[in-house]
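In terms of UniProt numbering, the sequence shown opens at residue 1 and continues consecutively.
Just so you know, the hints here were simulated from the structure itself, not pulled from any lab data. Only a predicted model underlies this, so the values are computations on that prediction, with no experimental measurement involved. Misleading hints may appear alongside valid ones.
What the hints assert, rightly or not - Derived DSS-like pairs: lysine-lysine, alpha-carbon spacing no greater than 25 angstroms straight-line:
{"no.": "1", "residue 1": "K261", "residue 2": "K212"}
{"no.": "2", "residue 1": "K273", "residue 2": "K170"}
{"no.": "3", "residue 1": "K251", "residue 2": "K273"}
{"no.": "4", "residue 1": "K187", "residue 2": "K240"}
{"no.": "5", "residue 1": "K170", "residue 2": "K153"}
{"no.": "6", "residue 1": "K240", "residue 2": "K175"}
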Amino acid sequence: MGKSSKKEAKTEKDAAQEFGAGKEYVCVARLHAAPNGGLAAISRALITLTGALFQRPPLISAVKRQLRIRTVYENRLLEYDEERQLVVFWTSCEAGTYIRTLCVHLGLLLGCGAHMQELRRVRSGIMGEAEHMVTMHDVLDAQWTYDNTNDEKYLRRIILPLEAVLTTLKRLVIKDSAIEAICYGAKVMMPGLLRFENGIEVDEEVVVMTTKGEAVCLALAQMTTATMASCDHGCVARIKRVIMDRGTYPKRWGLGPMALKKKQLIADGKLDKHGRPNDQTPVEYLRSLPATANGSAATTAAIAAPDAAAAPAAEPAAAEATEPVVKVTAGDDAAAGDTVEVKEKKKKKKRKSEAAAADGAASPAAVDGTAEATPKKKKKKHKESEAA
């Protein structure tokens with residue numbers, strides 16, 4: 001019982017941190033000197049230290065020391081002891097606010113310096129100091145009663161379930177058959193949804209529950225309440241954090257008619273171990289598959305294979321002597337481009353060979369051309385001399 005209690009306490013703490021529960025503290029701060037202005041100056045400084053504040057975690061802290069913004073909702077001065085320079089105040093702040101840093105800032109505003117003396121957290125989320133408070137003796141007595149009389153009612157009054165922390169979130173109730181799939185990381189889809197609350201918005205944090213009221217996971221809604229009421233398919237919520245352990249509910253996926261048929265074909269060797277079709281796959285099964293972007297080509301080829309085998313494969317002998325013709329389908333753009341380029345290269349080679357033959361025939365006439373070139377040059381020089 002102790003092990004499960006530790007696990008529940010850790011899960012509650014993680015869940016409270018997950019949805020950013022606010023905190024309330026009562027702090028005792030020690031001033032390093034008497035402030036100018038006394039009680040009124042301290043009250044003004046506490047009012048100043050509200051809203052969004054820059055904070056850097058202290059030297060001894062569990063997080064990286066980088067500047068960040070945390071919100072302080074309210075500060076109230078409870079008591080001030082002038083003799084011992086002690087200030088008692090109550091604060092309500094965002095999760096992750098360092099009260100040690102807040103006390104240092106209070107001393108800077110007062111001009112005298114200050115540090116935190118004592119700190120008590122009085123509320124975390126919905127868990128407060130006024131309710132659900134027990135002593136360690138109560139826990140010991142409740143555990144003794146459970147161990148010796150097998151009566152757990154006292155223990156149940158002390159140890160609250162995890163769902164008590166999540167009562168502030170809006171709920172989605174799902175089918176029992178979808179619980180284990182969500183524990184393995186599946187999204188909350190519309191076919192697995194049973195009930196939902198009003199006022200859910202997109203990207204709002206919700207808690208996914210079973211019909212018995214058990215928390216399954218924290219999720220971010222992908223639909224509004226109006227969309228859920230008018231839609232019969234699609235993703236309802238995206239998982240943020242799984243709470244329920246795997247194996248709590250039985251696995252219910254892979255039990256449909258098509259999934260069972262596929263398992264049987266894999267067992268018979270008519271599909272490979274990954275469920276892909278092979279040469280022994282029945283044509284009726286392939287035709288019953290939905291057309292998908294990834295499997296359409298393989299499925300079409302597997303369906304067309306028996307038809308192609310049944311058709312006569314004889315071709316005329318004259319076709320072999322002719323130039324091979326490449327058939328181009330609508331999807332083979334690259335093959336068509338390659339065929340056109342090959343034909344153009346052949347034409348270019350033919351033109352080059354014809355041009356080379358023409359140059360070889362004209363080579364004897366080139367000698368006569370050199371003899372005729374001299375008179376032409378002389379005539380040109382003669383014309384230039386006459387013009388001068």
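Taking the earlier hints as the rules, which of them does this structure contradict?
1, 2, 5
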